[in-house]
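Novice: What follows is each chain in one-letter form.
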Amino acid sequence: MRALCWNGVNDLRVETVADPEIINPNDVILKVRLSTTCGSDLHLIDGLIPTMKAGDVLGHEFMGEVVDVGRGVMKVKKGDRVVVPSFIACGNCWYCAHDLYSLCDTTHPKPELQEPLLGYPTAGIYAYSHAFGGYAGSHAEYIRVPFADTDCFVVPDGVSDETALFISDAAPTGFMGADFCNIQRGDVVAVWGCGGVGLMAQQGAMILGAERVIAIDRYPERLAQAAAFGATTLDYTKVDVIDALKELTGGRGPDACIDAVGMEAGGTGLQQAYDRVKQALYLETDRGTALREAMLAVRKGGTLSILGVYGLMDKFPLGLLMNKGVTVRTAQQHGQAYVPRLLEHAQRGELTPAALATHRFSLEDSPRGYHMFKHKEDGCVRAVFAP
Amino acid sequence: MNAPAAQAALDASARAGVTIGRPAEELRTLWLQPDTQSRIWAHFANVTASGDGAADWVAHGPAGGEYRWQTQTDASAADALRWTSLDGADVANAGSLRFRPAPGDRGTELHLDIRFDPPGGIVGEAAVKLFRIVPREIVLTALYRFRALALTGEIPTTDHQPAARNGGTDR
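Top line first, the protein sequences correspond to chains A and B. With the first letter of the first sequence counted as 1, position 293 gets the number 293 in the numbering used here; the numbers rise by one all the way through. Take any residue in the second sequence, note its place counting from 1, add 1000, and you have its number in the numbering used here.
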């Protein structure tokens, strides 16, 4: 089959690889219908995350049709149109039983690579380096999905492929970030970042009853998407965000602040190796700036919800959180806990993730899609690939 | 990367623990199944176990060396399994797996201890070559594999999946 492969820093090529096969009893094979870029892929492409191997198939946000089923699969069947969260969860361990699916105890095939970094291995994820499991990704004609009965969700009639696509990752990640905020009547929620995850966090906060949602970014087309579903927008290049948030909240500050920025915020073109190091340091400084701003802005006793992907930040003003009594919630997405209700919200038109799909490409043209996505050309929020 | 070998030369014993949400008796039965041993130690050695507690181990060192030993498991204790290598082992070793109830709804704690005892009291060349990966890593990986097998009936793998290398498949 054809697949988009990572062959080295900033070297993406569509190549012919073997078709995936059923390996374990609970696997299914999906024919990928749609697969999309994610900001977190840019860390891999730019070489900021180690343990990629030349030839890895990229892509972790996808939906498709079941074409082959392992002998242990009971619920999912051939022909089902399904969406799959990016973290692989077994549904049997203590973490899955407590809805902490991205922390699943059993799906990481190479725990010895990750345990030294994090203390304990997390769930495996598709196409996010071998330290995170090394599973082949979805920018391909077919993909193997383990634990199908836990991880495949049938897309109901009335929900389009493009809507379902983002219920794989952007929507559950964003919604989880809003859920972390324990939103009460009258709450104001500020969200840094209007990429796919940020926009979904904003809609999530509205669904969960926020009085007002404030969206912070610099790209007009992204701010326009936030404004279209009712968020108040702030362009951080034009206003002092802290002052503006105080103004908008009568001096109280937002009840909850969501960081949906992460490393990808400062992603720029690839340079020489030395420049990459400087770029990495710049990114760290940049993302620190966004997070610190959220920490400063949040009201006393408020909630800071962190969705941006971070590495190891060594300068973190903990005193801001301690002295203000801030609750911090963070996680990689526990998608399996949210997908069913998100499909219902989408069916009722309350959640509109398809708007993220600003640009479509064939799989063969996917390197151009990544280039456009990375450089935010032509207002690209997400590039979608149809194999 | 000589550090792991050097560490192994200094410390050829390892211990690790995992908690598995299943009753001890069920885990004990699964551990003793011959097929289980070959599956959970696959990263380290080919294990051929027979039903009577005996097992043949063949480990391959990074430089191509092959190391063999036999073990016999003692399952007489209620709360532990113990095994030891028999005379003639290339790398003498002994291990134990203890079962303890975990608090609350968490199931059973498994504590695995293995000592790779060098012949003559010092770590032999064979052991150093064998332990290019640190012993704790060997033990912990086996426990993680066992946990996956106990909870899901399968061991996670990415072998034989698509990749643009090795002729199109990861191995």
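For the record, the hints were derived by calculation from the structure and aren't laboratory data. One should not assume that every hint holds.
Covered stretches of chain A (in silico footprint by chain B; criterion: 3 or more residues with CB under 8 Å from a CB of chain B, positions within the stretch not fixed) [claimed, not checked]:
#1 100-113
#2 193-201
To be clear about the criterion: a stretch of chain B counts as covered by chain A if any three or more of its residues have a C-beta under 8 Å from a C-beta of chain A, and this derived list gives those stretches [unchecked claim]:
#3 1023-1034
#4 1145-1151
Pair by pair, the computed Cβ-Cβ distance ranges are [what the hints assert, rightly or not]:
#5 B:Glu1109 with A:Pro156: 38 to 44 Å
#6 B:Glu1026 with A:Lys77: 44 to 50 Å
#7 B:Asp1105 with A:Val9: 43 to 49 Å
Virtual Cβ for every residue (Gly too), placed ideally from N, Cα, C.
Novice: Looking only at beta-carbon atoms, does the pair Glu1109 (chain B), Pro156 (chain A) fall within the given range of 38 to 44 Å?
Specialist: holds (43 Å)
Novice: For the segment 1145-1151 of chain B, count the residues whose Cβ lies under 8 Å from any Cβ of chain A; is that count three or more?
Specialist: holds (count 3)
Novice: Within 44 to 50 Å: is that where the Cβ-Cβ distance between Glu1026 (chain B) and Lys77 (chain A) falls?
Specialist: Given a distance of about 30 Å, which is not inside 44 to 50 Å, the answer is violated.
Novice: Do at least three Cβ atoms from the segment 1023-1034 of chain B come closer than 8 Å to Cβ atoms of chain A?
Specialist: violated (count 0)
Novice: Count the residues of the segment 100-113 of chain A whose CB lies closer than 8 Å to any CB of chain B, then report whether that count reaches three.
Specialist: holds (count 8)
Novice: Could you say whether the range 43 to 49 Å given as a hint is met by the Cβ separation of Asp1105 (chain B) and Val9 (chain A)?
Specialist: At 46 Å between Cβs, range holds.
Novice: Do at least three Cβ atoms from the segment 193-201 of chain A come closer than 8 Å to Cβ atoms of chain B?
Specialist: violated (count 0)
In summary, the structure is inconsistent with hints 2, 3 and 6 from the numbered list given earlier, while agreeing with the others.
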